[in-house]
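Protein chains in written order, with the working numbering: chain A, 1 to 149; chain B, 1 to 149; chain C, 1 to 149.
Hints were generated in silico from the structure; no laboratory data involved.
Heads up, a few of these hints could be off.
To be verified - Here are the computed lysine-lysine pairs in the DSS-like style, where the Cα-Cα straight-line distance is at most 30 angstroms:
(1) A:K96 <-> B:K15
(2) C:K15 <-> C:K5
(3) C:K96 <-> B:K96
(4) B:K96 <-> A:K96
(5) A:K5 <-> C:K5
(6) A:K96 <-> C:K96
(7) A:K15 <-> A:K5
(8) C:K5 <-> B:K15
(9) B:K15 <-> B:K5
(10) C:K15 <-> B:K5
(11) C:K15 <-> B:K15
(12) A:K96 <-> A:K5
(13) C:K96 <-> B:K5
(14) A:K15 <-> C:K15
(15) C:K96 <-> C:K15
(16) B:K15 <-> B:K96
(17) A:K15 <-> C:K96
(18) C:K5 <-> C:K96
(19) A:K15 <-> B:K5
(20) C:K5 <-> A:K15
(21) C:K5 <-> A:K96
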Amino acid sequence: MPYWKIYSPEGTYTKEDKQAMSTAITDIYVEFAELPRFYVVVLFEDRPADTIWVGGEPANHFVRIVVDHIARQVDTPELRLMTMEAVEAAIEPFVKDRGLDWEVHIDETPFDLWRTQGMTPPPPESEAERLWAAENRAVPWEHPERPSA
Amino acid sequence: MPYWKIYSPEGTYTKEDKQAMSTAITDIYVEFAELPRFYVVVLFEDRPADTIWVGGEPANHFVRIVVDHIARQVDTPELRLMTMEAVEAAIEPFVKDRGLDWEVHIDETPFDLWRTQGMTPPPPESEAERLWAAENRAVPWEHPERPSA
Amino acid sequence: MPYWKIYSPEGTYTKEDKQAMSTAITDIYVEFAELPRFYVVVLFEDRPADTIWVGGEPANHFVRIVVDHIARQVDTPELRLMTMEAVEAAIEPFVKDRGLDWEVHIDETPFDLWRTQGMTPPPPESEAERLWAAENRAVPWEHPERPSA
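Just chain A, with the same shape it has in the complex (with noise of 0.2 angstroms):
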């Protein structure tokens, strides 16, 4: 679930600034919301020059980030305003303190048309999800709806 695309021209981040980077865009999920590790997941997308525009102008120091929120769902203002707080300190250091622009925006998928390593995921904060957690990987869990997962 979270699933983070990072559009950015070609050359902005070494494999380094992409584990510090999707270290610190993991670390949200799990401590706000205690999610298992491995459910986050960042796709980082170098672009060549001349392939990402702004207003009708070449942007070639932009980084465009697109997020899919599945496991949860924010459902105050509060909370969502917290969200992108977290958000935007997460990336900070990988965008505004570097001179870049960017823009960020979230979408919220269906929970249930969702599927990782074939399984359905545990519910929120279900002991399920906390071995999950525990382990960082999906484990063959008892759906109570179902005869399996």
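With chain A fixed as given, assemble chains B and C onto it according to the hints.
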């Protein structure tokens, strides 16, 4: 409509694999919903090493599949479960059976914000949709609420 | 906000085409909704042969356009129809008039899960949004419900 993106480590799939995989995916929608074959679009995104990160670690044996559903909304929990089972069955030979890790999620987007070949697609299970399926292409049709589609 | 991705076979569009196409797309939002020009982000995804498949066959003359709308939700059927007509009119010279196949769909994502330059964008048609449009950049503004935006 169904619009699939398959992110995999570079070299995971040959052209033959891509043909087989996109055919298996297409068959889901033709068999279950009688959609026109050409509705099913699959983009293969071959990613260089160290561009996909899971939980802050490089994931070089991981396939991430992201799908948008447009032409059909799946309304009941039973149908949503069947959808995910059909999806998993179609992809299993290309992920699980090859020892790869994988994750898939589907979003649902609005029917009326979609066009193909500049045309408004016909309503689900209409005569016009059957014609599109039979001819496997977008054919001009009479939209009941407007002079022409 | 509007966030466009244009997947096309490698070599379909020159840099000049990309400038013209992203300008035509930007103009839609400026003319219809008076959005700031810099809100309109267009990513060109030049795809190698045999990476786009339609109905199980390679589609090497096919342009797939995927859009996220964030800053504005289009609420009535009439406005949604107008939106799609404006979109098609903007892209027609780059797809239909070149003998290419094409398909486009738009998703709508939540306004409050969006930031640009770390700032909460001002509400639609507010004074602050007009300032952002006039200056064509994100300017700090006073959010009515919070100490600072």
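Now for the hints, and whether the structure bears them out:
no.	hint	verdict
1	A:K96 <-> B:K15	41 angstroms, violated
2	C:K15 <-> C:K5	16 angstroms, holds
3	C:K96 <-> B:K96	40 angstroms, violated
4	B:K96 <-> A:K96	40 angstroms, violated
5	A:K5 <-> C:K5	13 angstroms, holds
6	A:K96 <-> C:K96	40 angstroms, violated
7	A:K15 <-> A:K5	16 angstroms, holds
8	C:K5 <-> B:K15	24 angstroms, holds
9	B:K15 <-> B:K5	16 angstroms, holds
10	C:K15 <-> B:K5	25 angstroms, holds
11	C:K15 <-> B:K15	29 angstroms, holds
12	A:K96 <-> A:K5	18 angstroms, holds
13	C:K96 <-> B:K5	24 angstroms, holds
14	A:K15 <-> C:K15	29 angstroms, holds
15	C:K96 <-> C:K15	19 angstroms, holds
16	B:K15 <-> B:K96	19 angstroms, holds
17	A:K15 <-> C:K96	41 angstroms, violated
18	C:K5 <-> C:K96	18 angstroms, holds
19	A:K15 <-> B:K5	24 angstroms, holds
20	C:K5 <-> A:K15	25 angstroms, holds
21	C:K5 <-> A:K96	24 angstroms, holds
Checked against the numbered hints given earlier, this structure breaks hints 1, 3, 4, 6 and 17; the rest are met.
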